[in-house]
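Trainee: Sequences listed follow chains D, G and P, in order.
Each residue of the first sequence is one higher than the one before, starting from 1 at the first, in my numbering.
Each residue of the second sequence is one higher than the one before, starting from 1001 at the first, in my numbering.
Each residue of the third sequence is one higher than the one before, starting from 2001 at the first, in my numbering.
Worth flagging that the hints you see were computed from the coordinates, not collected in a lab.
All residues carry an ideal CB built from backbone N, CA and C; glycine is no exception.
Careful, some of the hints might be misleading.
Not close to chain G: a few residues of chain D, all C-beta gaps over 10 Å, as computed [to be verified]:
(1) 149
(2) 155
(3) 178
(4) 214
(5) 223
In silico BS3-like links for lysine-lysine, alpha-carbon gap of 25 Å or less [as the list claims (entries may be wrong)]:
(6) 2148/P x 1068/G
(7) 2180/P x 1068/G
(8) 2342/P x 70/D
(9) 109/D x 1068/G
(10) 2563/P x 210/D
Reference listing, derived: stretches of chain G covered by chain P, where coverage requires no fewer than 3 residues with Cβ under 8 Å from a Cβ of chain P [stated by the list, open to error]:
(11) 1019 to 1033
(12) 1067 to 1079
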Amino acid sequence: MKAAVIVFPGSNCDRDVAVSLNAVMGSSPEMVWHGNAEVPKSDLIVLPGGFSYGDYLRSGAMAAHSPIMKDVIKKANSGVPVLGICNGFQMLTETGLLPGVMLRNANLKFICKDVQLRVERNDTVFTRRYKKDQVITIPVANHDGNYFADENTLARLEDNNLIAFRYCDADGHPTGEANPNGSARNIAGLYNENCTILGLMPHPERLADKQLGGIDGLALFESLVETLH
Amino acid sequence: MDKNMKAHVKITLKKGVLDPQGKAIHQALGSLGFDGIDQVRQGKYIEIDLAETDESKARAAIEKMCEKLLANMVIENYAIELEQT
Amino acid sequence: MSSQDTLGPRADEITPEIVAEHGLNREEYDRVCESLGGRAPNLTELGVFSVMWSEHCSYKSSRVWLAKLPTTGPQVICGPGENAGIVDIGDGQAAVFKMESHNHPSFIEPYQGAATGVGGIMRDVFTMGARPAANLNALRFGSPDHDKTRHLVSGVVSGIGGYGNCIGVPTVGGEVNFDKSYDGNILVNAMCVGLAEVDKIFYAAASGVGNPVVYVGSKTGRDGIHGATMASAEFDDDSDEKRPTVQVGDPFTEKLLLEACLELMAGDAIIGIQDMGAAGLTSSSVEMADKGGVGIELDLDLVPCREEAMTAYEMLLSESQERMLMVLTPGREDGAKKIFEKWGLDFAVVGITTDTGRFVAKHQGKIKADIPLDTLANNAPKYNRPWIAGEKRPVIVPDEVPAPNSLSDALIKLMSLPDLCSRRWVWEQYDHMVMGDTVGRPGGDAAVVRVHGTDKSLAVTTDVTPRYVAADAHEGGKQAVAETWRNLTATGAQPLAITDCMNFGNPQRPEIMGQFAGAIEGMAEACNALSYPVVSGNVSLYNETNGQAILPTPAIGGVGLIKNTERRASAAIGHDGDILLLVGTERGHLGQSLYQRDLVGKSEGAPPPVDLTAELRNGNFVRGLIEAGDVAHVHDCSDGGLWVAVSEMAMAADIGADITLGSQQLPAHAILFGEDQGRYILSVDADQVAKIIASAESLAIPVRKLGVAGGKSLRIDGEHEVKLADLRQAHESWLPEYMNTV
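Here chain D stands alone, though its shape is the one from the complex:
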């Protein structure tokens, strides 16, 4: 598998996701500067976490207009898998590749902690190594992670089974208590119609190494390698 990680000014989880990819791929992904016009031929494009452009104006808004994004959008539309983590998810909604928007967390604070997620489906390139309805632990770290979309959009996401992960309790119930930031329908991650684009607020790369306290995030990267090798 060949992977490209796009580096924006202010990205700060680019190295972290490259480490996780390297662990499963056995080789380093290509780090691609946002100012470039083209993403080199890749089986996977990753939009990493961080504070692109300082998250000034709106999280992900300015990065969504970076020179490289034209090509990212083109390749995404042609079916190249795209993974957007945290700030990358925010870019995906700002470009319109995924619907909705991230609002400020309901408690108005930055939140960095482990949360539990329910894997909504395991028939995608991103999740085949998980079980359906498996409860996994992955950290969130954001200020604007409160997913919002209008009711029609939410209904369409539910009807088409496009919700990837929901915040849940230890038993897999998407309760209000388990929702760290007020996200609509406890949504932590979303697919596009073809399930080739995944945006998620939690950071799978942060729990993909035993020494860091868990490896629930690793299966996401393993799923990609297994499918895209």
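Using the hints, position chains G and P against chain D.
Mentor: Frame of chain D; chains G and P shown alone:
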């Protein structure tokens, strides 16, 4: 209450205070091809509906709100516009 | 035209009032004139002297004392005097670290003050070629009842998070404490630890003559120019526009500056590099030239400015953030410029190194300052201020401190105190995991951060117990150093070195100077005994309002090395059925304890003494067990005492414990809540116990079986039950409830 006032409060950074957000927006606009921009400064806009008809009382109340909470007087200024609704 | 003609002050420019506003006394002003060959300085020059001879830059009240601290050792690559201290961590790698105060700005504007404090300390670290790997913050606020405290806590915590989270360096530890002495003077001490290659370390010295002096980063505005100095004649006809302004942090620009600097540092274009921190362009250029033994000439017309019509005075004294000054190898400017342009940052050649030994600044064709460098740096005033030692207080006998009505209620009360309760509300607002190497998260004894891509880790912590220092500066200084050493040791790390942030009141008061002197001597004693030198630090004096000084607060930041990340210890109970062992001597010392202060309502007697011989012996023993893989669950006993430490281990694992008071002739509350030093609690497999006890006994190390882990509650000899759920509720709720109360 049949009569009310609406206050439009603009909070802006004091002159000379660095505005990192404005600076980044300026750069991003430039890279999108919007030329000829001298400076971008970002602020906040707040609307407050008041159960008050006396303009000077309303202004005094809003000024207090600005000084106490809405603006950070160390780095920000405020401007108030009032309208009868 | 001789420089004398250009440089003399305008008529009446330098009045005694203006000299006083610049913080210089009569003798110091005479010394200024003398160093200028007998002439008076102009306003720009006076401004330069004022900042360079300030307490902050010159350490004029503290230098004679700081010299008493040990600063060398086989592990030390660079001691105090540079931007940060550097220690060797093997394999050609180094840890680069420093702690610095940003107290006053944080009181004025807590968000920006704390944010720029974090930004400044990270620049100190990456200016040396290190990538920041962890941030910590030692915070001290006023009484929770004071009407400003909540606002300050909220602003400081979000400012630290706002900056650190954005730049993407994990904030992994620190302290938060409350005391009414900080009501008008909060303390925000920021520490950064970075990682560098030993052969890629950059220093501030600007060697060579005719080398370009380069300015990079953000543009210069009228940020943070000292308020009092702005009343001067130059600005009288101007309005709002020329007012000094609070420094605003721009973490996004700092991130770009970090990446651009590290990219340039991969090559060999840089001769010297220095962060523009306090006193900005002035202190950075003076320090670089002075360290390199050269002169420096700046052309201020070339300085990138954010505001119009800035004067030489303003440009030289501006404290705009996210800026660096470099001296480059001639001919390498274009390559360097390309890197900074790629990252969207300003890059300007603003001067040149000279052989004159003078600091010269030109503006609009005129020389605005011409000052011999040695006067500004090495020959700054130095005071041996009078001091008196505090009176020794008696050691309180345990029996004299009343017992609580209920031991279990006392525990719950202690665990919910502002000074002991959970800091989760704080650290969940900090990204403590970014960079993917935080293997020991906040909440333990010390945070543990892997050295990226290796089997090694660094353990990092900050500690000081100001009430001990106030009661006995010498013992308190010793204790602060020893506690960091103990916290690092409890993770399995070999403590390497410390940085210090000395926060005190007005040094012109002999009793305050006495606190400073005592703390330094105590710190020096502990550093020497533990082979644990000081490699960097900062002094913040005059922390007082209306003659009320803060508690003396020598905050210590410690860094240690874990050679094998797999062999480290957490501060949680290991398993159900584990045996808890207590290493160290129990004396039931309740003087200056939290129990005495908050449950009895008295702050009396001497603080607990630190026996450095026992400290070293006990610590080395515990570390040896961790390194051997025999023990992986260790917690030190500190604030609150034994039962508090057991509670913390129990909550971290969600496993209870039944402990026994043992056979010593001490009251139960003294055993449980006494704050004897040099102690550790170990949670070990039952089949390891005999071996560990035998080994301790063979080394004459006091050890006793403290109890058994299991269940969901805490007990003393089967009684005084405290359910973990109740304890957790008490421990976790105080801070969020306090912060949510409007």
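Trainee: It remains to establish, for every hint, whether it holds in the given structure.
Mentor: Hint by hint, here is what the structure shows:
no., hint, in the structure
1, 149, "holds (25 Å)"
2, 155, "holds (31 Å)"
3, 178, "holds (33 Å)"
4, 214, "holds (35 Å)"
5, 223, "holds (35 Å)"
6, 2148/P x 1068/G, "holds (13 Å)"
7, 2180/P x 1068/G, "holds (24 Å)"
8, 2342/P x 70/D, "holds (20 Å)"
9, 109/D x 1068/G, "holds (21 Å)"
10, 2563/P x 210/D, "holds (18 Å)"
11, 1019 to 1033, "holds (count 5)"
12, 1067 to 1079, "holds (count 3)"
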